[in-house]
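Novice: Build the full structure now, drawing on both the sequences and the hints.
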Amino acid sequence: LKAGDTVVEAGCGWGALALHMAKYYGVKVRAFNISREQLAYARDRAQREGLTQQVEFVEDDWRNITGTYDAFVSVGMLEHVGLKNYRRLGEVIAGCLSSQGRGLIHSIGCNSPRTLDSWTTRRIFPGAHVPSLSEMMQIFEPQKFSVLDVENIRLHYAKTLEHWLQRYEQNLDQVREMFDENFIRTWRLYLSASVAAFRSGSLQLFQVVFTKGNNNEIPWTRAALYPEERRQPRQGEQT
Numbered sequence: 010l011k012a013g014d015t016v017v018e019a020g021c022g023w024g025a026l027a028l029h030m031a032k033y034y035g036v037k038v039r040a041f042n043i044s045r046e047q048l049a050y051a052r053d054r055a056q057r058e059g060l061t062q063q064v065e066f067v068e069d070d071w072r073n074i075t076g077t078y079d080a081f082v083s084v085g086m087l088e089h090v091g092l093k094n095y096r097r098l099g100e101v102i103a104g105c106l107s108s109q110g111r112g113l114i115h116s117i118g119c120n121s122p123r124t125l126d127s128w129t130t131r132r133i134f135p136g137a138h139v140p141s142l143s144e145m146m147q148i149f150e151p152q153k154f155s156v157l158d159v160e161n162i163r164l165h166y167a168k169t170l171e172h173w174l175q176r177y178e179q180n181l182d183q184v185r186e187m188f189d190e191n192f193i194r195t196w197r198l199y200l201s202a203s204v205a206a207f208r209s210g211s212l213q214l215f216q217v218v219f220t221k222g223n224n225n226e227i228p229w230t231r232a233a234l235y236p237e238e239r240r241q242p243r244q245g246e247q248t
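Numbering (our numbering), first residue to last: 10 to 248.
There could be a bad hint or two in this list.
Distance ranges between label pairs, derived from CB positions [said to hold, decoys possible]:
#1 Glu-178 / Asn-224: 43 to 53 Å
#2 Glu-190 / Asn-224: 44 to 54 Å
#3 Ser-209 / Ala-12: 16 to 26 Å
#4 Ser-44 / Glu-178: 22 to 32 Å
#5 Gly-104 / Glu-178: 43 to 53 Å
#6 Asp-53 / Trp-229: 32 to 42 Å
#7 Glu-178 / Lys-93: 31 to 41 Å
#8 Glu-190 / Pro-228: 42 to 52 Å
Straight-line C-alpha distance at most 30 Å; calculated DSS-like pairs for lysine-lysine [said to hold, decoys possible]:
#9 Lys-153 / Lys-11
#10 Lys-37 / Lys-153
#11 Lys-11 / Lys-37
#12 Lys-11 / Lys-32
#13 Lys-32 / Lys-168
#14 Lys-93 / Lys-153
Since the hints were derived computationally from the structure, they do not count as laboratory data. We treat Cβ as the ideally placed atom computed from N, Cα and C, and that holds for glycine.
Specialist: See the structure below:
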């Protein structure tokens with residue numbers, strides 16, 4: 010990303026990524042979400058951080074994205090799109106990206122097509138689907154997107170979940186003011202089981218970078234993502 014780029018985000022959650030891109034990369038972002046509670050929080054944070062001229066939070070479904078952008082991003086939304094809607098998602102992305110536009114989709118996934126376990130589907134994510142890479146290609150192939158990079162960061166997510174679980178336990182008094190003991194046990198089980206699933210490889214976390222057309226300006230390696238001092242191999246690590 011570079012200053013002045015335009016970015017559209019599908020499913021922006023609490024707005025953290027949109028605000029981060031605007032603050033640290035100088036881009037303009039339109040971020041779509043259907044949750045009024047999340048949007049209210051995101052807009053308030055944008056106001057407090059002085060980013061309202063760079064970030065627009067839109068209360069609408071991803072299917073209704075309009076305009077043309079340099080980049081598309083979606084983090085943690087694909088799981089809720091539904092497999093039958095993947096082709097439509099690809100069409101929306103193709104319709105909103107510029108001729109050399111690029112995109113990133115970040116999603117929990119699995120190594121081969123399967124359904125999510127019934128407990129999680131019933132208690133945590135009704136209607137969710139965690140795709141395999143072959144299923145994700147239903148987004149990219151019909152639009153002839155050029156897939157440039159596929160990264161699996163499941164161990165990062167295992168560590169993230171460990172922190173979530175730790176913070177959850179540290180704030181149980183506040184949780185009890187809002188929810189009953191059944192919820193507390195359910196959420197503890199969900200977080201604990203998720204740590205195990207990502208550590209064991211039962212679940213993956215895919216990040217797919219792609220472009221509309223053959224964009225040769227994309228960095229050749231991931232080295233551009235990291236500061237110079239972090240590129241050096243650690244002791245015992247092969248180069």
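Novice: Next step is simple, just say for each hint if it's right about the structure.
Specialist: Going down the list of hints, with the structure as the test:
1. Range check, Glu-178 to Asn-224: Cβ separation about 45 Å, and the 43 to 53 Å hint holds.
2. The hinted range of 44 to 54 Å is satisfied by Glu-190 and Asn-224, whose Cβ atoms lie roughly 53 Å apart.
3. Checking the proposed 16 to 26 Å range against Ser-209 and Ala-12 shows it is violated: the Cβ atoms sit about 42 Å from each other.
4. Between Ser-44 and Glu-178 the beta carbons are some 26 Å apart, a value that agrees with the proposed interval 22 to 32 Å.
5. Checked against the given bound of 43 to 53 Å, the beta carbons of Gly-104 and Glu-178, roughly 45 Å apart, stay inside it.
6. A beta carbon spacing of about 40 Å between Asp-53 and Trp-229 agrees with the range 32 to 42 Å that was offered as a hint.
7. The hinted window of 31 to 41 Å between Glu-178 and Lys-93 holds, with their beta carbons roughly 38 Å apart.
8. Checked against the hint of 42 to 52 Å, the C-beta distance between Glu-190 and Pro-228 comes to roughly 50 Å, which is consistent with it.
9. About 25 Å separates the Cα atoms of Lys-153 and Lys-11, which keeps this hinted pair within 30 Å; it holds.
10. Of the pairs offered as hints, the one joining Lys-37 and Lys-153 holds, with about 26 Å between alpha carbons and a cut-off of 30 Å not exceeded.
11. Taking the CA atoms of Lys-11 and Lys-37, the gap is about 10 Å. The hint holds against a cut of 30 Å.
12. Distance check on the hinted pair: Lys-11 and Lys-32 sit about 12 Å apart at the alpha-carbon level, within 30 Å; holds.
13. Taking the CA atoms of Lys-32 and Lys-168, the gap is about 26 Å. The hint holds against a cut of 30 Å.
14. A distance of roughly 19 Å separates the Cα atoms of Lys-93 and Lys-153; the hinted pair therefore holds under the 30 Å criterion.
In this structure, the one hint that does not hold is number 3.
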